[in-house]
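**Student:** Position chain B against the provided structure of chain A, taking the given hints into account.
Chain residues, written in single-letter form:
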Amino acid sequence: MTPSPGRPTEAMPQFEMHATGVEGATEGTERMEVSMGPHHPSTHGVFRMDVELEGETITKLKPVFGYLHRNHEKIAESTSYLGSMPYTDRLDYFNSMTNNWAYALSVEKLAGIEVPERAEYIRVITAELTRLQNHVSLIGSWCRTWGP
Amino acid sequence: MENEKAILPEVQQIADAINAAVKNAGVTVSINPSPAEQHSLLLFPTKARECAQWLKAESPWQLDYLSNVSGNDWPEDAITKQTPKQPVKDAGEEPMHPCLEAVYHLYSIRQSLGPIIIRMRTENRSDKVELPSLTPIWRSAELQEREIFDLYGIHFEGHPDLRRLRMWDEFEDHPMRRDYVEPDDYDYEPTPHGDVLKKSLTQQEGTV
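As you go down the protein sequences, you meet chains A and B in turn.
First residue of the first sequence? That's 1 in the working numbering, and the numbers climb one at a time after it.
First residue of the second sequence? That's 149 in the working numbering, and the numbers climb one at a time after it.
Chain B on its own, in the form it takes in the complex:
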C-alpha cells in the first residue's frame, strides 16, 4: 500500500475475503472521512478471534506483526453533537451506538505491507464492555490491552493477565473516558506503604 494509505477498494477486498473465508464473520468497512483516509475493518466481537487468526495465518496478506493497540470512547454526544454536519456513520449502516472501541494496527513483515486496521466495538459503555482479547494471536497485544482495560475499562476476555497497567490497583475509574471527571487534586494516592505502616504500628503496640 503506497504512502501508508489504506485504499478503500483494498480494504473492501480484505473485508470480502474474510467474509468468504470465515463463516458468519460479518466484517464491514468503517470509512474514515478525514484526509488521512485510513479506512478500517470493523469486526464482529464474537467472531473477531477467528477472523484475526485467519488474517495472521491463512490469509494472503500474512499479517504477522501487531504494531499498536489503542482505545476509543464514543459517548452519545461525541457521536451526535461534535460532528453536526457529518454524523459518524459506517458505510451503509445506521448511525453508531455509544460504545467503547479497540483499534489494532497490523502490518505484514513478510510482505512489507500495512497498516491494516481492525476495530471492535462493545455493546455499550456501562455494563456490556467485554471484547475478545487478541493476545492469544498477537502476543504483543498483552500490555497494550492491559493499558486499554486500565484507561478505558474494556474487559478483554481470554487475556492472560488483565490488571491495571498505569494507574494503581486501588483506582476505580477509567481516566481516558470522555465523561471522566478529574479530582480536585491528585495529592492523595493510596499506596501499599499505608498497609506496611499500619502493620508496623500494631507490631509496636504488641511489644509495649
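Excised from the complex, chain A in its bound form:
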C-alpha cells in the first residue's frame, strides 16, 4: 500500500515491547516502549498512548485518538436540526444537558431565534443539575481511581 502524502512512515503503531539497555543509565534502568490502551482500565477502550519509558520516567508519549469516533457532523448532514439533538448529549455523558444547551444556542444563533424566558429558566435549572451530577461523579471516580 502506498502511504498517503503527509503521512510519516513511522506512523504505524508499535505493538511489540522493546527492552534495550541504555548507555550510561543507572543499574536496573531500561528503556521500554509500551502501547498503553485502548483496553487499559484507565483508558476504557477509547484512547491509546504509545509511551516510551526509561525506568519509571516517561520520556515520550504519543496519544492516539479515534477509538470512539462516530463523526457527529457527518450524521448531522443527513438528519434534521432537532434530529441531531440526541447525539449532542452523548458527546460527553457527564455534561449531557449543557451540551444540549450549547447545540441549541448555536442553532438558535444560526436561525435568529429567541427563546421564551421560561425556557431560559429551565435551561439554567437543568444545567445546574448537570453540574451537580458531574461533580458527584467526579468525586466518585476519584475515590475509585486513587485507590484505597
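No wet-lab data here; the hints were simulated from the structure.
Among the clues, some could well be false.
[Claimed, not checked] One-sided and incomplete, this derived list gives chain B residues near chain A with beta-carbon spacing under 8 Å:
| hint | residue |
| --- | --- |
| 1 | Ile179 |
| 2 | Ser182 |
| 3 | Pro183 |
| 4 | Ala184 |
| 5 | Leu313 |
| 6 | Arg314 |
| 7 | Met315 |
| 8 | Pro323 |
Think of the CB as a built atom: it goes at the ideal place given N, C-alpha and C, for glycine as much as any other residue.
**Tutor:** Structure of chain B alone, referenced to chain A:
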C-alpha cells in the same frame, strides 16, 4: 463585541488594520448573510502566517487564544445549486471557486473580546490543497488541524506532526467532504493486529 456578534464595521476595521500593517496582505471581509452575522476575515494563504502573527502579538486586539478550528468544503454544486437565490459571494468579489476552507475562531483573553474569525481557502479541491499551518502561532491548533487534514484532506504546511487523528492510518478518503461516498458496510477495518497475526503464523511455521 456585544452579544458575541462580529459587527461588520469592526471586522472591516480589523481587515484594514492588517492590510496597513502587513505588506501585500490582501485581507478581505467575508460577509455572513445569515442572522448569526458572524462576518469573518479571509486571509491570503501565502501571507496568512504573517497576518496571524501580527494579530496575536502586535495588533491592538491581542488575539492570544485560539478557541476552535474547523473545516469546510465548497464543491461546485454547494456554491451554485444550494443557494440559487443568493449565490455565495464575498464582498465585492467574483463568485467563489470550489475549494476547501479552514476556519479559525480567535479570542483575546487579555481584552476579553471575540470571537474574531479568520478563514483560509485552498486553490481547488483536488491537487492544490495546501494551506499554511497556524500551529507555530497558536499551539492549540495542532490536534484540530490534524483532524481537518484527516476529515477534509487539507495539507497544513509547517505542521509539526500531520497524521490522521480520527480515522485509522490506512484509510484513504476524507469522510467530511461533500462528495464522499460511504461504503456499504463499515465492518471491515484493517488494524495492525492483522500484521501481528501474520507474523505469529510465520513464526509457527518456522518451528514446525
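**Student:** Given a cut of 8 Å on the nearest C-beta pair, is the interface hint for B/Arg314 held or broken against chain A?
**Tutor:** The hint holds - B/Arg314 has a Cβ within 8 Å of chain A, the shortest such distance being about 4 Å.
**Student:** Would you settle whether the hint for B/Ala184 is holds or violated, based on the nearest Cβ-Cβ distance to chain A being less than 8 Å?
**Tutor:** Nearest chain A Cβ about 5 Å off; hint holds.
**Student:** With a cut-off of 8 Å on the beta carbons, see whether B/Met315 makes it to chain A.
**Tutor:** holds, 6 Å
**Student:** Would the stated hint for B/Ser182 survive a check requiring a Cβ distance to chain A of less than 8 Å?
**Tutor:** holds, 6 Å
**Student:** So, B/Pro183 near chain A? Judge it on the closest CB pair being under 8 Å.
**Tutor:** holds, 3 Å
**Student:** Can B/Pro323 be said to touch chain A, with a Cβ gap under 8 Å?
**Tutor:** holds, 6 Å
**Student:** Is the shortest C-beta separation between B/Leu313 and chain A less than 8 Å?
**Tutor:** holds, 6 Å
**Student:** Is the interface hint satisfied for B/Ile179? The criterion is a beta-carbon contact with chain A at less than 8 Å.
**Tutor:** violated, 15 Å
Taken one by one, the earlier hints fail for this structure only at number 1.
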